[in-house]
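Enquirer: Given chain A's structure and the hints, the job is docking chain B onto it.
Protein chains: 2
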Amino acid sequence: MMRPTMKCVTRILAMLLVLIGVSALTACNAAQTNSPEPAHPNLTVTQGDIDVISSQIKQVPRAQRALEQLIAKVEADMAQQMDVPIPKDAGGGYTHEQHKRNYQSLYDSALLFQITKKPAYAEFARTMLLKYAELYPTLSIHPKPKEQTPGKLFWQSLNEAVWLVHTIQAYDMMLAFLNQQDQKTIENQLLRPVANYLSEGQPATFNKIHNHGTWAAAAVGMTGYVLRDETLVKKALYGLDMSGKAGFLKQIEHLFSPDGYYAEGPYYQRYALMPFVLFAKAIHVNEPERKIFEFQDQALLKAIRTSVQLSYNKLFFGINDAIKDKGIDTIELVHGIAIAYEISQDPGLLGVAEQQNHTLLTGYGFGVAKAIEDGLAKPFEFKSMQLRDGKDGDQGALAIFRSGIEEGHQALVMKNTSQGLGHGHFDKLHWLYFDNGHEIVRDYGAARFLNIEAKYGGHYLPENNAWAKQTVAHNTVVVDEQSHFNGDWRLSQKSAPSVRFFEATDDVKITAAAIADAYEGVVLNRTMAMIKHDRLEYPLIVDVFKLSSEDVHQYDLPLHYQGQIISHNLNVNAKTRALYPLGKENGYEYLWDRARGEFTSPMAQVTWLNADRFYTYSTVGGEKEELIFAELGANDPNFNLTKESALIHRVEAATNHTFVSVLEQHGEYNGRAEYTVNAKSKVVALKHHYVDDINIVGVQLEAGDFITLVFTERGDEASKHKVEHDGRTVEWVGHYTLIND
Amino acid sequence: MMRPTMKCVTRILAMLLVLIGVSALTACNAAQTNSPEPAHPNLTVTQGDIDVISSQIKQVPRAQRALEQLIAKVEADMAQQMDVPIPKDAGGGYTHEQHKRNYQSLYDSALLFQITKKPAYAEFARTMLLKYAELYPTLSIHPKPKEQTPGKLFWQSLNEAVWLVHTIQAYDMMLAFLNQQDQKTIENQLLRPVANYLSEGQPATFNKIHNHGTWAAAAVGMTGYVLRDETLVKKALYGLDMSGKAGFLKQIEHLFSPDGYYAEGPYYQRYALMPFVLFAKAIHVNEPERKIFEFQDQALLKAIRTSVQLSYNKLFFGINDAIKDKGIDTIELVHGIAIAYEISQDPGLLGVAEQQNHTLLTGYGFGVAKAIEDGLAKPFEFKSMQLRDGKDGDQGALAIFRSGIEEGHQALVMKNTSQGLGHGHFDKLHWLYFDNGHEIVRDYGAARFLNIEAKYGGHYLPENNAWAKQTVAHNTVVVDEQSHFNGDWRLSQKSAPSVRFFEATDDVKITAAAIADAYEGVVLNRTMAMIKHDRLEYPLIVDVFKLSSEDVHQYDLPLHYQGQIISHNLNVNAKTRALYPLGKENGYEYLWDRARGEFTSPMAQVTWLNADRFYTYSTVGGEKEELIFAELGANDPNFNLTKESALIHRVEAATNHTFVSVLEQHGEYNGRAEYTVNAKSKVVALKHHYVDDINIVGVQLEAGDFITLVFTERGDEASKHKVEHDGRTVEWVGHYTLIND
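Protein chains in written order, with our numbering: chain A, 1 to 741; chain B, 1 to 741.
Isolated chain A, as found in the complex (with noise of 0.2 angstroms):
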């Protein structure tokens, strides 16, 4: 329940008054004038945590210095001349970025009113909420209206609710200061319109499971409890008809799955749980007794948390739609790292809070510049770990092996999730692998621009459905150039890989996972391994890519390499004089068909260099097989595409069919000093067969070594098996063995 109502003795004319159309609260607060308010501010930020940033702070340098940035700022937006326009603009418009600056200049004010109790920072405030409250009665739908869900300030009702998420705040902590009248202006004509606006005014999505509906919800929800408005808060929490068949712990419940993995990907997880934290802050500030960071297994810690585990050098993962500049300092993870760790006080999330550099002058991000002063920060725990997605986690995993937690690691992320709905790839059984910080195996992520209007108006381009969501644009097998599920999303949505195993010790880490309904009659399944070995400088990739099949058709396995290449074993037909497109469809049309590759040996070896170390991919072939070079740009009249190159494994014509390949980072190139080392690979030769269902890959070193790894998906981790190999008996528990000789 929430306080306010507790306190009020006049329930029942209140209740009374609702049935003629005034809130419950108002009522209360409108017949209680006298008594007293509760404190404001008291939603994400509280009188507490105001008296301690006050009292502290002289203490704190990094949030002194966050003060007088602050300042700085928003005396800045104070010499400029205020402008509240009236809608115009799409997405990267003026009026649209001018009305993303105000509330932000908004929060800032109203913030800094609190630290520093200077009337001017609270009547810039009240001049600008008095502006949009006489602005937004005049309003109806934005006149570029986006898709289904217009807003009325912004193009997107999305945009709304960021818009009222981020002014209810201000309006909270610079409520005290405004006489009844302008509250009463501001309130009726503003921040309770445009509540229900987000609320009655659109129900398909404010009840909706999806992040647009979070968003709906954090900005109804905090408005009910700085309103005083139950029924508010109440359709925030349960949805609009307070059923919980919606609302916001219905998608708590959904919209993250047991490992704290959201379906659409780490790029829509940091946006999406920017309404989770604020709205869970402001009800365990309100309504402690939900133990709402408890609710479902604390589902919001772990979200937040892996969140982190879900980047590489501070950056996401760049699978589905991602805009690749996004990482762990965005202003979402800055709010949700420090205020899981004044939940949980868990010291790896200091050091996070280190890299991402952002002091916030809220109680919980003034307690995360505390700790760090005091020296409580530990490095983050990357792990390698499998994050099961789906509600009840049986919707395929996101499989994540690191060499280590150090600048510069090894991590590979096999994509064995569900598709993620609208915003997911055609990617079944994809890889992207990270080094020496950089991305070194490629997703191109999302083909957009973001907020640049010349680019198709800042949207999603038309070859993001074209190319980037495409098979062929990703790391995995495409059948008979043609996306998987045919590249209907709610197809894919009905299915998710099965994953086969997952182990990981300090030496080997390995996971299978499988899906059969990706094309009809052909089953896809996948192993990939990191393994370490002491000959070699880093770790080894291992990837066994099993096709099976009643027809005969082709297999293409791309590999979207970054770098330059240095050299290779095949036999090159390169096209010098002209270029054609690759293909004509399903992504295929975006790709220049550069050179072809015939196998001269068993064995095909490519070496790239990227940054300043070298990279060799060896693959398994022979005859009727080729390797494709191929470079992103055909058909971009537009010049829409960024510069990418891919090699593509050919096979023409099989059934079954398993590529084997491995990937080997090797050596230095350092032009600054001029030396090279270690520029050829130490890997000679590979092979692989197949003992009924177990799977024998031999990788033979320079030096004479020989790795061999023995898999199979049978049984679990304490099953014995054993099979005859190279004329001796090798007998093993569990799904893998690695041998070395």
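Simulated from the structure, these hints should not be mistaken for lab results.
A couple of the hints might just be wrong.
If we take Cβ atoms under 10 angstroms as the criterion, some of the chain A residues that face chain B in the derived model are [as the list claims (entries may be wrong)]:
{"#": "1", "residue": "313"}
{"#": "2", "residue": "324"}
{"#": "3", "residue": "326"}
{"#": "4", "residue": "331"}
{"#": "5", "residue": "450"}
{"#": "6", "residue": "602"}
{"#": "7", "residue": "612"}
{"#": "8", "residue": "633"}
{"#": "9", "residue": "643"}
{"#": "10", "residue": "673"}
{"#": "11", "residue": "675"}
{"#": "12", "residue": "679"}
{"#": "13", "residue": "680"}
Think about it this way: if two alpha-carbon atoms lie no more than 27 angstroms apart in a straight line, the pair counts; the simulated DSSO-like pairs of lysine-lysine are [stated by the list, open to error]:
{"#": "14", "chain 1": "B", "residue 1": "73", "chain 2": "A", "residue 2": "682"}
{"#": "15", "chain 1": "B", "residue 1": "532", "chain 2": "A", "residue 2": "73"}
{"#": "16", "chain 1": "A", "residue 1": "643", "chain 2": "B", "residue 2": "584"}
{"#": "17", "chain 1": "A", "residue 1": "575", "chain 2": "B", "residue 2": "643"}
{"#": "18", "chain 1": "B", "residue 1": "144", "chain 2": "B", "residue 2": "208"}
{"#": "19", "chain 1": "A", "residue 1": "680", "chain 2": "B", "residue 2": "720"}
{"#": "20", "chain 1": "B", "residue 1": "687", "chain 2": "B", "residue 2": "532"}
{"#": "21", "chain 1": "B", "residue 1": "643", "chain 2": "A", "residue 2": "643"}
{"#": "22", "chain 1": "A", "residue 1": "117", "chain 2": "A", "residue 2": "100"}
{"#": "23", "chain 1": "B", "residue 1": "680", "chain 2": "A", "residue 2": "100"}
{"#": "24", "chain 1": "B", "residue 1": "682", "chain 2": "A", "residue 2": "88"}
{"#": "25", "chain 1": "A", "residue 1": "146", "chain 2": "B", "residue 2": "680"}
{"#": "26", "chain 1": "A", "residue 1": "250", "chain 2": "A", "residue 2": "532"}
{"#": "27", "chain 1": "B", "residue 1": "88", "chain 2": "A", "residue 2": "680"}
{"#": "28", "chain 1": "A", "residue 1": "680", "chain 2": "B", "residue 2": "144"}
{"#": "29", "chain 1": "B", "residue 1": "680", "chain 2": "A", "residue 2": "144"}
Here are some chain A residues pointing at chain B (derived, C-beta under 8 angstroms) [stated by the list, open to error]:
{"#": "30", "residue": "562"}
{"#": "31", "residue": "565"}
{"#": "32", "residue": "567"}
{"#": "33", "residue": "570"}
{"#": "34", "residue": "574"}
{"#": "35", "residue": "580"}
From a predicted model like this one, the values you see are computed outputs, not experimental measurements.
Built from N, CA and C at the ideal position, the CB exists for glycine as well.
Expert: Okay, now just chain B, sitting in the frame of chain A:
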């Protein structure tokens, strides 16, 4: 004169011994074994230096850390099996790299011996030197000799000279540890033979006024000081015949211009500096009366400072055959800056040393570390300047315009220099542009993967001559698809651009240059300016390129931009379904003809995004003109070229023509925080006309402001000019005036 000889009283005997083939100094020393020897070390590190380091290092943390690193490095070297292999491999191969590692180990262990006095370090150096002394006499010319200048330990004698420069310093630092027998073995079987091979053994290289000659002179001269062999020193200083027509002093006179510019450009300037500064330091120690650092108007100190001026964001301007990873933190400049500081005590050099973040444990290195710890460092004074080229400063100039000295400042480089010998490119009146920490308008530099054997043995690639040196690979006009001087560097070497004027104020920086010999019958004349204006966030670059000819030609002006195209106002015909090379020779065969853009208005605009900033190139054009969108990579079957893009403004047929363009950088793209500002250029119109020989360039900005740049080559900085323009009379003094309306 050399000190040791001055102390030698048996000079006449010594002279006689010379006649029978024994060096004067050896004889001197031999004759006075019982009298006190001058102290070693006494070359680039002295006994006095060592005393200072030993007594003060505990008070200088960065030197202490460097010592710890040096100990760890040397201990690691010593823990490995010592290998002095029989020379076999070319540059980048194992034996090449091992001999490089060895000379570094020698130097490091000998220096560490001096600082710590631990015999184990000297013993290690002794063992290695004796191994070399055993190996060297067995060697003939290297089995993979490079061109005309083979070495014995290395494929080219240049590396051998570098080896000796290091080894003789090491020997000087550890020879006190050796018994006479070992000294004799090492000197007679190794040091002296190598010095002889580098001098008498290759007279052409030794006497050459070229950086190879400088390395040889330094190696031989330093050996002379250590071995007390005055003849070796004199050959080094005055050439093989000791006449002064060649040798180190002549090289100082000839290789640097009066402004300290080295004709081959900064990449080679850096490389050339190393032997200059080390040998000069040795001369300074052994013959201070030569005042070598005062020589030729402080030529060496000037060259060191100039090499820093030739950098942006720590990297050297990549003109001519440059490997673009090189910058001010290369070891050559670490020594150079420290030695220059020792001599000049200029605190701006400490600012550079701080950025280098590399402490040398020599006397001069320690001095820098101490001064930095003492807080004496000041920022290096980057300046807008022109660096005259040529021994006498009459071979054109490199103009550098900088908007400031802060990180991310704007820098324009206009290359109005001479050819720069065999490593020069055919790029008269070429320009480069840097902003926001990045190279925006680019020079390809060298086509070479230094030391990577798989890439043409680490040599300059064939594409270096065929692409990287060609005019079309640069930002300057190509006439009739022919390179300047028909790509003949010896021909080009005979002409240099004539600089018409150079002026640099806070608001306007402007320079003009012309050359009539790059093409027969076509005069090239270019003026570039950097202009500050209140309405623009950053300076505007103005480019007026005038071609004068009596015959009809095709004129191409390429712009090698870096970034992703965002928008343009052209009518573009993109080649979406097939790409063909743009031409057949002179570099054009490497460019794919990606799209052609017709002018739809009198000013074409193309905007691209680089990192988080927008760049708009606006250029005047009309009928029978087009902008070609080209991409590098045609006719490149070996994947030797990197991915680059260019805009080529083509004028199909003209006698006289003037290209007029401006480049504006603007706005911000922030994907992380999701905002975009000022993605559109503020330039809305661009015009140019002549009134006689007066240029009038008009730039109209969005807000209605007009910038008018008026300039002429006539007269000098004091000349008065007058022109009627736009209904008013404009009067000014000097080469230009700027009118802001």
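Enquirer: Next step is simple, just say for each hint if it's right about the structure.
Expert: Evaluated hints:
{"no.": "1", "hint": "313", "result": "violated, 14 angstroms"}
{"no.": "2", "hint": "324", "result": "holds, 8 angstroms"}
{"no.": "3", "hint": "326", "result": "holds, 6 angstroms"}
{"no.": "4", "hint": "331", "result": "holds, 7 angstroms"}
{"no.": "5", "hint": "450", "result": "holds, 6 angstroms"}
{"no.": "6", "hint": "602", "result": "violated, 21 angstroms"}
{"no.": "7", "hint": "612", "result": "holds, 9 angstroms"}
{"no.": "8", "hint": "633", "result": "holds, 7 angstroms"}
{"no.": "9", "hint": "643", "result": "holds, 5 angstroms"}
{"no.": "10", "hint": "673", "result": "holds, 7 angstroms"}
{"no.": "11", "hint": "675", "result": "holds, 6 angstroms"}
{"no.": "12", "hint": "679", "result": "holds, 6 angstroms"}
{"no.": "13", "hint": "680", "result": "holds, 8 angstroms"}
{"no.": "14", "hint": "73/B x 682/A", "result": "holds, 25 angstroms"}
{"no.": "15", "hint": "532/B x 73/A", "result": "holds, 26 angstroms"}
{"no.": "16", "hint": "643/A x 584/B", "result": "holds, 24 angstroms"}
{"no.": "17", "hint": "575/A x 643/B", "result": "holds, 16 angstroms"}
{"no.": "18", "hint": "144/B x 208/B", "result": "holds, 23 angstroms"}
{"no.": "19", "hint": "680/A x 720/B", "result": "violated, 67 angstroms"}
{"no.": "20", "hint": "687/B x 532/B", "result": "holds, 18 angstroms"}
{"no.": "21", "hint": "643/B x 643/A", "result": "holds, 8 angstroms"}
{"no.": "22", "hint": "117/A x 100/A", "result": "holds, 25 angstroms"}
{"no.": "23", "hint": "680/B x 100/A", "result": "holds, 19 angstroms"}
{"no.": "24", "hint": "682/B x 88/A", "result": "holds, 21 angstroms"}
{"no.": "25", "hint": "146/A x 680/B", "result": "holds, 23 angstroms"}
{"no.": "26", "hint": "250/A x 532/A", "result": "violated, 43 angstroms"}
{"no.": "27", "hint": "88/B x 680/A", "result": "holds, 18 angstroms"}
{"no.": "28", "hint": "680/A x 144/B", "result": "holds, 20 angstroms"}
{"no.": "29", "hint": "680/B x 144/A", "result": "holds, 20 angstroms"}
{"no.": "30", "hint": "562", "result": "violated, 11 angstroms"}
{"no.": "31", "hint": "565", "result": "holds, 4 angstroms"}
{"no.": "32", "hint": "567", "result": "holds, 4 angstroms"}
{"no.": "33", "hint": "570", "result": "violated, 11 angstroms"}
{"no.": "34", "hint": "574", "result": "holds, 4 angstroms"}
{"no.": "35", "hint": "580", "result": "holds, 5 angstroms"}
In summary, the numbered hints that this structure violates are 1, 6, 19, 26, 30, 33.
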